[in-house]
Amino acid sequence: MMRWLERHVPKLVLAPSFIAVLIFVYGFIAWTAWVSLTRSRLLPRYEIEGLIQYERLFDSPRWDTAITNLYIFGALFILVSMAIGLLLAILLDQHIRAEGVLRTIYLYPMALSFIVTGTAWKWVLNPGLGIEAVMRSWGFETFEFDWLVDPDLAIYTVVIAGVWQSSGFVMALFLAGLRSVDTEIIRAAQVDGIPTPRIYTAIIIPSMAPIFLSAFIVLSHLAIKSFDLVIALTGGGPGYATDLPATYMYAMAFSRGDIGQAASSAMIMMSVVFAIVVPYLYSELRGKHD
Amino acid sequence: MAAAGLMVSAGSAVAEPQVEVLHWWTSGGEARSVAVLQEEFAANGGTWTDMPVAGGGGDAAMTALRARVLSGNAPTAVQLKGPAIQEWYEEGVLADISSVAEANNWAELLPASIAQHMQCEGTWCAAPVNVHRVDWMWANAAILEEHGIEMPTTWEAFNAAATQLQEAGITPLAHGGQAWQDATVFETVVLGLGGPEFYQAALVDLDPEALSSDTMVAVFDQMRIMRGFVDENFSGRDWNLATAMVMNGEAAFQIMGDWAKGEFLAAGMTPGEDFLCASTPGDGYLYNVDSFAMFAVEGEDRIAGQMLLAELIMGQNFQSVFNLNKGSIPARIDVPLDDFDSCALTSAADMATTSEAGTLLPSYAHGMALRGAQAGAITDVVTAHFNSDMSSEEAVGQLANAVANAM
Numbered sequence: 076m077m078r079w080l081e082r083h084v085p086k087l088v089l090a091p092s093f094i095a096v097l098i099f100v101y102g103f104i105a106w107t108a109w110v111s112l113t114r115s116r117l118l119p120r121y122e123i124e125g126l127i128q129y130e131r132l133f134d135s136p137r138w139d140t141a142i143t144n145l146y147i148f149g150a151l152f153i154l155v156s157m158a159i160g161l162l163l164a165i166l167l168d169q170h171i172r173a174e175g176v177l178r179t180i181y182l183y184p185m186a187l188s189f190i191v192t193g194t195a196w197k198w199v200l201n202p203g204l205g206i207e208a209v210m211r212s213w214g215f216e217t218f219e220f221d222w223l224v225d226p227d228l229a230i231y232t233v234v235i236a237g238v239w240q241s242s243g244f245v246m247a248l249f250l251a252g253l254r255s256v257d258t259e260i261i262r263a264a265q266v267d268g269i270p271t272p273r274i275y276t277a278i279i280i281p282s283m284a285p286i287f288l289s290a291f292i293v294l295s296h297l298a299i300k301s302f303d304l305v306i307a308l309t310g311g312g313p314g315y316a317t318d319l320p321a322t323y324m325y326a327m328a329f330s331r332g333d334i335g336q337a338a339s340s341a342m343i344m345m346s347v348v349f350a351i352v353v354p355y356l357y358s359e360l361r362g363k364h365d
Numbered sequence: 160m161a162a163a164g165l166m167v168s169a170g171s172a173v174a175e176p177q178v179e180v181l182h183w184w185t186s187g188g189e190a191r192s193v194a195v196l197q198e199e200f201a202a203n204g205g206t207w208t209d210m211p212v213a214g215g216g217g218d219a220a221m222t223a224l225r226a227r228v229l230s231g232n233a234p235t236a237v238q239l240k241g242p243a244i245q246e247w248y249e250e251g252v253l254a255d256i257s258s259v260a261e262a263n264n265w266a267e268l269l270p271a272s273i274a275q276h277m278q279c280e281g282t283w284c285a286a287p288v289n290v291h292r293v294d295w296m297w298a299n300a301a302i303l304e305e306h307g308i309e310m311p312t313t314w315e316a317f318n319a320a321a322t323q324l325q326e327a328g329i330t331p332l333a334h335g336g337q338a339w340q341d342a343t344v345f346e347t348v349v350l351g352l353g354g355p356e357f358y359q360a361a362l363v364d365l366d367p368e369a370l371s372s373d374t375m376v377a378v379f380d381q382m383r384i385m386r387g388f389v390d391e392n393f394s395g396r397d398w399n400l401a402t403a404m405v406m407n408g409e410a411a412f413q414i415m416g417d418w419a420k421g422e423f424l425a426a427g428m429t430p431g432e433d434f435l436c437a438s439t440p441g442d443g444y445l446y447n448v449d450s451f452a453m454f455a456v457e458g459e460d461r462i463a464g465q466m467l468l469a470e471l472i473m474g475q476n477f478q479s480v481f482n483l484n485k486g487s488i489p490a491r492i493d494v495p496l497d498d499f500d501s502c503a504l505t506s507a508a509d510m511a512t513t514s515e516a517g518t519l520l521p522s523y524a525h526g527m528a529l530r531g532a533q534a535g536a537i538t539d540v541v542t543a544h545f546n547s548d549m550s551s552e553e554a555v556g557q558l559a560n561a562v563a564n565a566m
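Chains as they are written, first to last, in this note's numbering: chain A, 76 to 365; chain B, 160 to 566.
Just chain A, with the same shape it has in the complex:
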């Protein structure tokens, strides 16, 4: 009896959460895929109609905007967050005074929700209230910073707010990475008289590749599911200029009673995530087996 328990307790304990994940993650992915092939409107219907929803999706200028915005926002958000995060981490790594305080200050935005970030930046960037108004009241009458209300530039304000929020977190990741590099190697390099910038570019940063990959994965999924930031900052506007796939899906599912369309956009979003995550998982798992 004891033997049987020893052998089976782990399985029994894991079983409920395994079943829950199977149903509520994979089951619902399958369900969404099914609904995306139907003409569901207010409530799901289950007669399969083929790829009609995907045709509608790719025919919609609004979806075009959403996807283009995802590329712009995703690329800039990830690159700039990583660049700023790395720079901050390297500067903090110089054994300066009050490092703990500075680290907390930079990390703090991560503790705020994207809704708070979005609302705060909405006021800061609003031409009538924020930076532009302040600069003009200081006498710079021609100062202009109206990206928030310019349909061509509004998506970049989302990047600004997103980077402000996330670069502190990336800094923390990188700082941990920098500290985990073997000090013996660094000391040896210092003894050999190699200048510090070169130590970083040739030794430390290359040895942090796994950290870069983790940061990239975390940031890219933040970018793809980005929803609350856009809602709070621009509400998708001006017009639908700052729509992202997530806000498109929400509008279709919850405001317009077009569940089939929402499901197809959700499937496309998932494919984008898979395109990024699957190679990562593959390389990770293969690494373990070798």
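Simulated from the structure, these hints should not be mistaken for lab results.
This list has only true hints and no planted wrong ones.
Listed below are the simulated SDA-like cross-link pairs for lysine to any residue, each with C-alpha atoms no more than 25 Å apart in a straight line:
#, chain 1, residue 1, chain 2, residue 2
1, A, 197, B, 390
2, A, 197, B, 339
3, A, 197, B, 400
4, A, 197, B, 387
5, A, 197, B, 397
6, A, 300, B, 214
7, A, 300, B, 219
8, A, 300, B, 395
9, A, 197, B, 399
10, A, 300, B, 222
11, A, 197, B, 409
Cβ-to-Cβ under 7 Å is the rule here; a few derived chain A residues that face chain B:
#, residue
12, 118
13, 134
14, 202
15, 226
16, 310
17, 313
18, 314
19, 333
All residues carry an ideal CB built from backbone N, CA and C; glycine is no exception.
Since the structure of chain A is already known, use the hints to place chain B on it.
The following block gives chain B in isolation, referenced to the frame of chain A:
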């Protein structure tokens, strides 16, 4: 034995009316208005279970409703309007309240086009609580007087007045750059420039010819002109902040439904003296009717509650008190209007005349004319045009495409 006896007597007693009401009237004036109905319901011996779901202009409430319906436990009555009523009817979940409607003669008491919204394939399935007029133009009386401007009755007059005000350094049009507000302005321009028949063809029947006509190009031209009358900072502004601009004299006009009147009145202003109201240039009347759809429920007490609720909603007392609170006018035409203000009286008189002329039309921007997907497709084009430098021809092309795509 005693317990069994009790159960029998309880079962045979007359069922006590019970309702569970899902709505999103949660702000001050709205909550007061719905409380009137609750009190009346309780006074008639009923039990009211309130299910308010705040936020998102009803999006959150609709999500809650969907979950309840899918789990087979629909609320008794739900705040629904326009074609959404028919959409839910097609899902097979609405109840028939024809017995109440016929006993109380609703068909006679409601304007024909509004009665039509409350019917699902000939049976009555919803009860209207009010009529909001959407095609209103509000103005700051002092500004107009100072510049010698009358309320414009044509779009050319509006453009001329707005240009004059702009040159004097006043923002002519207070506008909030949210998609539904762009759509609100758009539909009043469609009605004004194209006339009621064109409006019917384009935004109700979705006739492709009307959608891609020269008239529609002219409508988008006018929208481009209006864009020039709006201040630079309008993007994402809430409608009530735009109303405040008219109140404070920062802007002269606003095009918005009669809920804007509530803001003026709450600030202690008098219609006709401090602020002016007039229908937007052109004929016709665009309505937005709030209503409660009745869902199919089981149990004598709940069905009794449903019938009582429907009767009370259409009752003279509720229609009068509710609409005084909310700024709209009663849906039934025989309610005494002695306590209503001059804007409401105009609205009621116009509703009667347009109903007879057949120009009483459903508002597309407020979900009365089209289903969600189609209305949304049009709004996407309107807001994209208004917020960019898209040409009118391109907008018209996109409009026809978007509508076909949403069918």
